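**Student:** Residues per chain, in single letters:
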Amino acid sequence: MSPVNIFEKISIDPPYKRIYSRLGFKKRTTELPAQQREKTDALIMDALSLITLKGCTLKAIVKKNDGKEVVISDDLIFESIKLARYLRDCNEILLMGATAGSNIMDAIKDKTSQDNLSTAVVYDATASEMTDAALDWLMAYANNQLRRAGKILLPRRFSAGYADFKLENQKNIHGQLEMQKIGVTINSNFLLLPEKSVTAITGIYG
Amino acid sequence: MNKRSKIKNLLKNQIVILDGACGTELQKKGLPTGACPELWCLANAKKIQDIHASYAEAGAQVIYSCTFGANRFKLAQYGSGENTYQINRNLVRLARQAVGKGVFVAGDIGPTGLFVEPFGPLGFEEAVAAYKEQVRGLIDGGCDLIVIETMIDIQETRAALLAVKETADIFAIASMTYEKDGHTLNGTDPVSALITLQSLGADAVGCNCSTGPEKMLEFVALMKPYAKIPLVAKPNAGVPRLENGKTVFDMEAAAFGAWSEKLARAGANMIGGCCGTTPLHIQELAKTVSGIQPKPPLRKSLGALTSSRSYLLFEENKPLYIAGERINPTGKKALQQEFLEGKTAIIRQMAVEQEKQGAHLLDVNVGQPGIDEVATIKSVIGLLATITKLPLIVDSSRIETIEAALRIYPGRMLINSISGEKEKMEKLLPLAAKYGAMFILLPLIDGEIPHTAERRQAIVKSIYNSARKFGFTRDDFVVDCLVMAVASDSGAGMETLKTVRWCSDAFHGRTILGLSNVSFGMPGRPWMNAAFAAMAQLNGLTMAIANPASAEFMNIKKAGDVLAAREKGALKFIEHFSSVNASANITMPPLKVTASGYVGVQPPTSLDKMTQTIMDGDKESIMPQIEAALKEGKTASSLVDEVMIPAIVHVGDLYEKKIYFLPQLMASAETMKKALGFLEPHLKKAASGNKGKILMATVEGDIHDIGKNIVVLLLRNYGYHVTDLGKDVPARDIMDAVKKENPDVIGLSALMTTTMVKMKEVIDTARAEGIATAFILGGAVVTEAYAQSIGASFAKDGVEAVKVVEKLIKR
Numbered sequence: 001m002s003p004v005n006i007f008e009k010i011s012i013d014p015p016y017k018r019i020y021s022r023l024g025f026k027k028r029t030t031e032l033p034a035q036q037r038e039k040t041d042a043l044i045m046d047a048l049s050l051i052t053l054k055g056c057t058l059k060a061i062v063k064k065n066d067g068k069e070v071v072i073s074d075d076l077i078f079e080s081i082k083l084a085r086y087l088r089d090c091n092e093i094l095l096m097g098a099t100a101g102s103n104i105m106d107a108i109k110d111k112t113s114q115d116n117l118s119t120a121v122v123y124d125a126t127a128s129e130m131t132d133a134a135l136d137w138l139m140a141y142a143n144n145q146l147r148r149a150g151k152i153l154l155p156r157r158f159s160a161g162y163a164d165f166k167l168e169n170q171k172n173i174h175g176q177l178e179m180q181k182i183g184v185t186i187n188s189n190f191l192l193l194p195e196k197s198v199t200a201i202t203g204i205y206g
Numbered sequence: 001m002n003k004r005s006k007i008k009n010l011l012k013n014q015i016v017i018l019d020g021a022c023g024t025e026l027q028k029k030g031l032p033t034g035a036c037p038e039l040w041c042l043a044n045a046k047k048i049q050d051i052h053a054s055y056a057e058a059g060a061q062v063i064y065s066c067t068f069g070a071n072r073f074k075l076a077q078y079g080s081g082e083n084t085y086q087i088n089r090n091l092v093r094l095a096r097q098a099v100g101k102g103v104f105v106a107g108d109i110g111p112t113g114l115f116v117e118p119f120g121p122l123g124f125e126e127a128v129a130a131y132k133e134q135v136r137g138l139i140d141g142g143c144d145l146i147v148i149e150t151m152i153d154i155q156e157t158r159a160a161l162l163a164v165k166e167t168a169d170i171f172a173i174a175s176m177t178y179e180k181d182g183h184t185l186n187g188t189d190p191v192s193a194l195i196t197l198q199s200l201g202a203d204a205v206g207c208n209c210s211t212g213p214e215k216m217l218e219f220v221a222l223m224k225p226y227a228k229i230p231l232v233a234k235p236n237a238g239v240p241r242l243e244n245g246k247t248v249f250d251m252e253a254a255a256f257g258a259w260s261e262k263l264a265r266a267g268a269n270m271i272g273g274c275c276g277t278t279p280l281h282i283q284e285l286a287k288t289v290s291g292i293q294p295k296p297p298l299r300k301s302l303g304a305l306t307s308s309r310s311y312l313l314f315e316e317n318k319p320l321y322i323a324g325e326r327i328n329p330t331g332k333k334a335l336q337q338e339f340l341e342g343k344t345a346i347i348r349q350m351a352v353e354q355e356k357q358g359a360h361l362l363d364v365n366v367g368q369p370g371i372d373e374v375a376t377i378k379s380v381i382g383l384l385a386t387i388t389k390l391p392l393i394v395d396s397s398r399i400e401t402i403e404a405a406l407r408i409y410p411g412r413m414l415i416n417s418i419s420g421e422k423e424k425m426e427k428l429l430p431l432a433a434k435y436g437a438m439f440i441l442l443p444l445i446d447g448e449i450p451h452t453a454e455r456r457q458a459i460v461k462s463i464y465n466s467a468r469k470f471g472f473t474r475d476d477f478v479v480d481c482l483v484m485a486v487a488s489d490s491g492a493g494m495e496t497l498k499t500v501r502w503c504s505d506a507f508h509g510r511t512i513l514g515l516s517n518v519s520f521g522m523p524g525r526p527w528m529n530a531a532f533a534a535m536a537q538l539n540g541l542t543m544a545i546a547n548p549a550s551a552e553f554m555n556i557k558k559a560g561d562v563l564a565a566r567e568k569g570a571l572k573f574i575e576h577f578s579s580v581n582a583s584a585n586i587t588m589p590p591l592k593v594t595a596s597g598y599v600g601v602q603p604p605t606s607l608d609k610m611t612q613t614i615m616d617g618d619k620e621s622i623m624p625q626i627e628a629a630l631k632e633g634k635t636a637s638s639l640v641d642e643v644m645i646p647a648i649v650h651v652g653d654l655y656e657k658k659i660y661f662l663p664q665l666m667a668s669a670e671t672m673k674k675a676l677g678f679l680e681p682h683l684k685k686a687a688s689g690n691k692g693k694i695l696m697a698t699v700e701g702d703i704h705d706i707g708k709n710i711v712v713l714l715l716r717n718y719g720y721h722v723t724d725l726g727k728d729v730p731a732r733d734i735m736d737a738v739k740k741e742n743p744d745v746i747g748l749s750a751l752m753t754t755t756m757v758k759m760k761e762v763i764d765t766a767r768a769e770g771i772a773t774a775f776i777l778g779g780a781v782v783t784e785a786y787a788q789s790i791g792a793s794f795a796k797d798g799v800e801a802v803k804v805v806e807k808l809i810k811r
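Quick note, the sequences are listed as chains A and B, same order. Heads up: the first sequence begins at 1 in the working numbering, then just goes up one per residue. Heads up: the second sequence begins at 1 in the working numbering, then just goes up one per residue.
Where hints are given, some of them may not hold.
To be verified - Covered stretches of chain A (chain B as the covering partner; in silico rule of three or more C-beta atoms under 8 Å from a C-beta of chain B):
hint: 1; region: 3-11
hint: 2; region: 18-32
hint: 3; region: 110-117
The set of hints was computed from the structure by calculation and includes no laboratory data. Please read all numbers here as calculations on a predicted model, not as lab measurements. In this text, a Cβ means the ideal position worked out from N, Cα and C, and glycines have one as well.
Pulled out of the complex, with its shape left as it was, chain B reads as follows (with noise of 0.2 Å):
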């Protein structure tokens, strides 16, 4: 029996204990602050020693070797990247002395430090190239197994976890450091890191570090059902807090102990102890989950993607999952022309567009004449991971293509597609073995498109059995039922449905179609595509690739959903269809507030509809509006004294009561200077002056100016005449500007403590050159004592400013 096995069927009796902190303990036995901890104790060989024996007699079964940083890139701070193999050998050969044959030794694996592409500037196979020199290391150092943990980053896990498999077969830990959100660093949560590990050949999946054991039993809890394969626990003793100059761990080993039955018990199979651990805490845990029936793993297979930062599982009787279909160049030139040329703004807004839409994952395909489309997917792939949480699926008929996204992906992806053609079989077969990922399974042989639903099941069961031979489960693909078009074959559309319906009812398998093929050539397509899918649902459809821009087809889904009780409770339905009416009512919304304040009962008014619209903030609704008051009768000054005037009141008194908030108090003074613009010949026919002139500026050596464009626009609502000077203004630049527009009131705004200086410079200058017109200043480091020694009033938002300024003129 090899060590896998043996560990294997350790794991089905008992729960395996694992040491301690390493780390800390180095600490107490003397490691300087700043020495490299690998190169310590292989100068210091019976300190590290005396720590790996006291975890064996404590009751640890499995030690880790003390080589958590002995990668290229750690040990070259330190000068010594060349010897990285040396070094991991010699720590596994001190602790196998150390413990001898009776205990296992865990090969340690930590993270290199670096972020690895798509995340990080480390390249993939840099990644893969740097844990091989480390693995070979270890595995000649005479390991037992290899722990990759402490990892942050799952790309960087996977390519630590690939240059295992791809070096040996040997059991491989894979534990990740999740913060108390349930997130590592980098948003990956535990469903989906484990999904992501147990497929891509992990033997046990867990999490370590950062937190105490009491977050941990709920990171065990969470993952527990989807695991095929144990999993491992070992928690800092609780959260490290500072206490006179030094780092406490709180909790006690007899605590430690209490909690370690916890997560023997929520299913944990490996337990151990990480920093602030000590050999009293694992012989605590020891003593208490001995005699534990270890909780075996409860998935035998799962039909789930991942990305980096979200998993997707495909349950019974869900709602329809959707695959936006968007990324992809055929009849899209402009796309086409941004692949040509590298760039990547509209895969950007696409991917961005569908996930609001509501998509569960993306098609992404790259094939166009052209371009290097391994380069592409790659390029692609690392954006995607980066700007949507959506997992993805990677459509090519180049093997290659495949390849390339099955190795950078950094997650489990779903491959477009494998058909019975004797090549992609030979090869991708294999690849999706490999990389664990999942593949949609397309019922071709040999150049024949199978007409008949019987021809296609046969297609389907040929398939799968040499899928078998590669360890594929029914979970592990989703089939294809063919869409072909109707305006050629009438009945294509039953055949396929008759697919979906055997797949679903007969082979226990899940589907996925192409809608929008079933309309080639007909008017009308989005009604025939979403009537299409409400009648695939009915059959037992898991998943379309379509447009979820198509109201139509989404509209029908949700209903769909619903009808074949998919979604049970229709919540979603009612909430989406709620905000759909609830945005088609915008002449009559809900709550009718009027100017002067009170809940309006009797019917709106036009100039009621006026206000409400101002308080909406509706800029498409207030030009019809006023065109009509107009037409009414009613004229320019008094829409603006006796309407618009009192609404944007209305909408600041609300602002400064936090009723409204900014971006209210920002779309109604929008709506508002878009109305007083068309009103402006109106008003200058009637002869209205303006209210006072305004001179504005963000002083000098500054360059934010937010904060002076909300006021600009505030005070220009109420009938001001702003000169806007913009900003990073000098003083001699005001001075004159404010004898060339003699204004009102001069405002300065200001963001850093260093650049309000300059408010008291302008000021000064002004006075010196006999300049008596009034200030008023702004900005986030403003204040009104500030503003008073300096002589100028003070206002802390666009709101009080307009208040202030009305003051200074009537002064």
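Chain A extracted, bound-state conformation (with noise of 0.2 Å):
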């Protein structure tokens, strides 16, 4: 298993598209008057002002794959038949992680409690494309890595709680990619905190 790699600024451009998408906005259906495209625009960059995205990643080799489960190491056994078959290619994995902070996830809370939910709403859009646009981001990046020695990323990727990869892996991710040191904890029930933070898994090709 390599290091972890830990990205503590991740410098994206915003997802727009993504984030309108997520707010209902429909391309020739949804009619936005110029002052409320402002106004959403601006809420965005305030949401954006408050997110940090930090990210982490890890690299490992399948030690075995029998299509039920997949074998990282003595203590990272991932159950999931969907999972073994997405990586069945595979000799190597990806882990990765990524966070948009604390900050923003108070500052949703402060605006749904002031009743300014059509506020919290699009910061809680923003920070769920960013972090999702975080991901892509580490995947980006790793595929620079992997190009020259003729390798690739699989396109998409796999995180627990999808099918029949349980939630619980999301215990193991966490640790291995010691994702405390971006600032997520994991609570009881499986769930990253603060809010806005993801894990995934992709597979390394090639």
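Join the two chains, each given in its own frame, into one complex according to the hints.
**Tutor:** Here it is in structure tokens:
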């Protein structure tokens, strides 16, 4: 297993289209006056100033994949038929985690308690999409490193809680990625805190 | 002639051919998965030498040593960090042995794999030191030039380039890797990188890896108009894809050669190949570009600033550039306190606001007694580099503060300022030259404040003569024409304007003014500042340090840009004032959609306006409208039943049809809530009952509640009494609340598949305890089928939840 690579500040352009889409905006259908768009853009900017994207990745060799479980090491075994199938052609995997930080969650809580849900929903959508975009960024970064070795990441990623890959796995992934170093903890229900934090796995191909 | 001059001369006469891929060729030669390429090459010298030789035979004039990952951080992963120097030296020697003296050997430097401050954990000086260690090995091994390549972090590239420049006088190439969207993964675009790196002393700048030649052609075309130095292009053989367990690069050698010709014609001066290319590709490249006359750099000098994520070109006849002045502790107690406490909230807010208000760059001054100014400027630059795209002006009277800023700033900054004082010129001009910064030329000399335009002109010329010795041109600085208060000298404004005019027309230099000084001691300062800005614009002013929050100043500036023919077509002016007028016209929105859904043609009544206000989500306007309606004799219940409920129902319809999106729905709901809160006492007087009681909770184990909060707000809008138990609520607590509140409907929310199962637990518990109340479920993972399977109703969103609840209560 490689050492954990920590990314303290991930700088990405905000995925405006995805944020708007998450808020229910539909091109050619939603009628958005210029003022409302300006207001929404301004709220997205406010949210961005409260988001600190951090991430971490870890490369590991697949010791065994029998179609039912993927064995990385003695204490890192993923039991999932769907995940095993997804990783079937890969000798290595990339584990990744990302967070938008706690400031944005505090702001969402504050806005909600002030009965300002119209702001809270924009903050929430921005934080969700930025965190997801951070995973995209981590994958693009890993692809850049792998390209020279003639390798490439599988295009999609798999997260604990999807299909038969139980959420309980998140505890192990969180630990392996040392996510506490980027300010992310995990609760007894295997949920990451702050809320806008995610983990995922993908395969390294080639 | 030294090697650097030799390479420069070669570039004047021909396209220089670089080698092709090393990593993918090493794999073909048997480099095992997970092995360190550099250590493997040392152990298998013949194999790497064969690759070098085959590229030289194919026509490469420059081959790269196999030292891409030979920095101490990467080598440490293989237990060889301490041998960095020797590994680099020996790998360059292997390359030299392979190709002899007729081919240039480039010492190859790649990323450390760590991001450098302010973008990552690796200290800037630590990065510079690590690269110096590698550079020493490469130079002692006998390389002819250094190539810094495949970089995605502009700050790490700066660290590597500084390491080269501070170690030896050797030709240095800096090459970044751009994604398909035209930015590095860290968000730097090709033009910003070019300006930053050529200013810092790179001999050639370019791009490699990531994309095929087609996309790279665009990057070269973008950079060429601003390049003072040769450009480099080293594309992959197309974009990699997966095929039968292998990564495949599609582009054949002939096609690669054809694209190389286009790259040369677009202005690339050094061309080679990156991942997936082979000696055959390089052979085709050499054949195709042979005889093409190289396109020389188009610029001798360039007035431009950069941040890590944007650039600002100072061009003729462009709108007045605004430098936001607010990040300065003078007279700002809260900011002073923040600096003392090492906090950043106010700076963050000031930066974001000024960018939003239209500043093109930010002036930053951290000068304050009682703080470590050097540490503070480093930390503030680190913060601003990550929260704003705007380039910075660093404003300090202390040389050590400017020096610290120059070293850490991840772009080309503007120094504020260099005056004619001996110490400033002696120390700051060399620093500005080393880091390639622009500077504000302040026409002060030996304690003298020149009052006349003529004297200022003489000092400007004198400082410029000194600056030329360091290679500066008129493009590299901006003249501060000195603004004095008209309250103490009525002619001060005119002397400043004369200086601006002289700089613009006769000296052909750029100008800047700290506008607000002019009105010091006067009333109506914003107006005087704005008038002065307009007059200075007409005299050719390039840039103003001002507060972009001043509407007077910004509006006059926008008008001035149009009147002085600096904003052709006036599109921004028209756009700005259209939106200002629209926002002023809040009581008469252009589209009058009534609650019943038709476009009204009659003049709107006060109730129509209230409907529109709810539909617009205009919380500020609703209260006066309700008060007016009550005064007109309308009852609270009629307002709710005949105006507000129909309006919010219509908003719900628009949301369901996707004509409204979520923030609009929420804004309308909040406006409705505010109105209902105001009317509540009146409704009680009228003994109006509510429509039903709802109990809402996010189930145990789930901490997500925004969806549930939306449903609560909408239900309350429709007149339901809602008890919200919050999130992560155990079944037992829900049961206790049910017994206490006796609701008509219980709403449960869950976001995760793992917590969704708790919904069944709650419903089973309720039924076991004899509670027959209807349940409604919602949340990202919940489906109608799941809800039905556990005996509950389902709603996909808040608007549907209202309808389902209505049906459940009627039933």
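**Student:** Run every hint past the structure and note whether it holds.
**Tutor:** Each hint tested on the structure:
Here's how the region 3-11 of chain A fares: 7 of its residues keep a CB closer than 8 Å to some CB of chain B, so the rule of at least three is met and the hint holds. Coverage of the region 18-32 of chain A by chain B holds. Counting CB-CB distances below 8 Å, 9 residues qualify, and the rule asks for three or more. Remark: the region 110-117 of chain A is confirmed as covered by chain B, as 4 of its residues place a Cβ nearer than 8 Å to a Cβ of that chain, reaching the required three.
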